[in-house]
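Asker: Sequence:
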Amino acid sequence: EIIVPNGVTCSCMFDLLVRNNDLRKALGILKYMKVRGLVPTEFMYTTILMAANRGVYSDDIFVELISLLSKGEKRGGGWDG
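Residue numbers (the numbering used here): 1454 to 1534.
What the hints contain is simulated information worked out from the structure, not anything from laboratory work. Note that the structure is predicted; figures quoted are calculated from it, not measured. Treat the hints with care, since some could be wrong.
[To be verified] Taking lysine to any residue and the SDA-like style, the derived pairs with C-alpha atoms no more than 25 Å apart in a straight line are:
id	residue 1	residue 2
1	K1487	N1506
2	K1478	E1495
3	K1487	V1457
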């Protein structure tokens, strides 16, 4: 049986990725959710912003988050961002 990711499974994957400092893939989860009509929680956005602020690549993550939140976002949607 194939499991189709939903908000709960995406949220769990996102949490594990952020805890392991894999913010690229965590951002990919947010993009995946948005493209498929799933709504990321405020907690998810806050979590990745706080993690990016602690990390080395914060500028990249901030730029991509702003792009993701903007109305003119190009839709990608893979797990890798």
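Asker: Run every hint past the structure and note whether it holds.
Answerer: Results of checking the hints against the structure:
1. K1487 x N1506: 23 Å, holds
2. K1478 x E1495: Judged against 25 Å, a Cα distance of about 18 Å means the pair holds.
3. K1487 x V1457: 15 Å, holds
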